[in-house]
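Could you put the whole structure together from the sequences, leaning on the hints where they help?
So you can see what is in the structure, the chains are spelled out below.
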Amino acid sequence: MKLRILPSLRERRRYIKFKVFSEEKISYSDLEQAIRNTCLEFFGEFGISNFSLNLIRNLWNEKEQIGVLKCNHLSVPHIILSLSLIQRLGDARIRIKVLKVSGTIASLNIEKA
Amino acid sequence: MKFYDLHIHSAFSGGKSSLEELASMVKNLGYAGFCYVVYYENEKRISQIKNEIEKNENKLDIKIFLGIEARSIRELNFLLSKRNKFDLLLARGGSVEMNRIACSHKGVDILTHPSYERRDCGLNHVSAKLARKNGVSIEINFREVLISSKITRARVIKNFKDIIKLHKKYKFPLIINSGAISHWEICDPLSLSSFLHLLGLELKEAKNCISKIPEKIIKDALKKKDYLRPGIKVIK
Chain A
897 MKLRILPSLR ERRRYIKFKV FSEEKISYSD LEQAIRNTCL EFFGEFGISN FSLNLIRNLW
957 NEKEQIGVLK CNHLSVPHII LSLSLIQRLG DARIRIKVLK VSGTIASLNI EKA
Chain B
13 MKFYDLHIHS AFSGGKSSLE ELASMVKNLG YAGFCYVVYY ENEKRISQIK NEIEKNENKL
73 DIKIFLGIEA RSIRELNFLL SKRNKFDLLL ARGGSVEMNR IACSHKGVDI LTHPSYERRD
133 CGLNHVSAKL ARKNGVSIEI NFREVLISSK ITRARVIKNF KDIIKLHKKY KFPLIINSGA
193 ISHWEICDPL SLSSFLHLLG LELKEAKNCI SKIPEKIIKD ALKKKDYLRP GIKVIK
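Chains A and B, in that order, are what the protein sequence lines are. Here my numbering is used: the first residue of the first sequence is 897, the next is one more, and so on. Here my numbering is used: the first residue of the second sequence is 13, the next is one more, and so on.
The hints are simulated quantities; they were obtained by calculation from the structure and are not laboratory data. Note that this is a predicted model, so its numbers are computed, not measured. One or more hints might be untrue.
Quick list of simulated restraints, FRET-style, between CB atoms [stated by the list, open to error]: (1) K180(B) / E960(A): 37 to 47 Å; (2) Q983(A) / N63(B): 27 to 37 Å; (3) D174(B) / I901(A): 37 to 47 Å; (4) S923(A) / N136(B): 48 to 58 Å; (5) E33(B) / S904(A): 43 to 53 Å; (6) S923(A) / K231(B): 38 to 48 Å; (7) E66(B) / I1001(A): 38 to 48 Å; (8) K141(B) / N954(A): 47 to 57 Å.
Glycine included, each C-beta is placed from N, C-alpha and C at the ideal position.
Shown next, in the form of structure tokens:
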């Protein structure tokens, strides 16, 4: 059974749509690991506990290298900064560009892979 | 909103990427233009670089400015006499003397790395007032954060916070650049503004540091090309 929470107690969500530029194709699991590790290294365990961070698996487009991160509204600048601190994934050098920040997935205009 | 990155090196100046690679990455990340920074060698080299810039500007439809970075006080004085040969003059700080001299010259556009390898931010109330009076922009270089880790990174961020504290009090122009030496080090404009926001600036002010202020610097710098000495300028 799903836990129900009062609307006033619910977190305000934000979805960050981003594109990865890299030397080779990046997989979902590698990227998720890299984002988590960078956030953990830069903001620490206590900091990351405030982010409610999640990389949404079924919105990851491997062909276009576009993905969506979910977090709360207060942690958006922290997450965007962490994305720019990722320089390498394995041997491949990467850069991440934030395309859009939104409160709903629908307004991100994601084409399904 | 148009974004500009005014400090990117290439294979000409200790960097690793060609101008074409830099320009295409800058365009992909959503910038309207960038300043291609080199070290001065001779005038022949400058004209060679200018030709390459022109070729890439037409090919990729992006604005590219030529900036020269002075690494010592002697080089700075020499470059001030050649001010009309290039678009922007950057002074590489780090020592207190260099920071103070760069802030006190109207010909200097940007003071880069003011806190490079220092335990303090390299600026005080005197240099902050001079920077404001002479319109010298102080740079926050994101590459210093990117390449450092642990306690060094903490020190770099602390220095940047001190610069922002001075900026809030003395209102000198503040900009943030990626300081990249490879096209894989160029940062997304939103990441740079988020970084400044986390350091204590309002989000609107942070965005101005990569859009309105660089635009103003470029506009003023192009005027400075006609400047000869106080009260004398070339009229075309």
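Checked hints:
1. The beta-carbon spacing between K180(B) and E960(A), approximately 41 Å, falls within the hinted interval of 37 to 47 Å.
2. About 32 Å separates the C-beta atoms of Q983(A) and N63(B), a value consistent with the hinted range of 27 to 37 Å.
3. D174(B) and I901(A) have their C-beta atoms about 42 Å apart, which keeps the hinted 37 to 47 Å range intact.
4. At roughly 50 Å, the beta-carbon separation of S923(A) and N136(B) lies within the given 48 to 58 Å, and the hint holds.
5. In this structure, E33(B) and S904(A) meet the distance hint of 43 to 53 Å, their C-beta atoms being roughly 51 Å apart.
6. Distance hint check for S923(A) and K231(B): the Cβ-Cβ separation is about 45 Å, which falls inside the suggested range of 38 to 48 Å.
7. Checking the proposed 38 to 48 Å range against E66(B) and I1001(A) shows it holds: the Cβ atoms sit about 44 Å from each other.
8. Between K141(B) and N954(A) the CB atoms are about 56 Å apart, so this pair conforms to the stated range of 47 to 57 Å.
No hint from the list above goes unmet by this structure.
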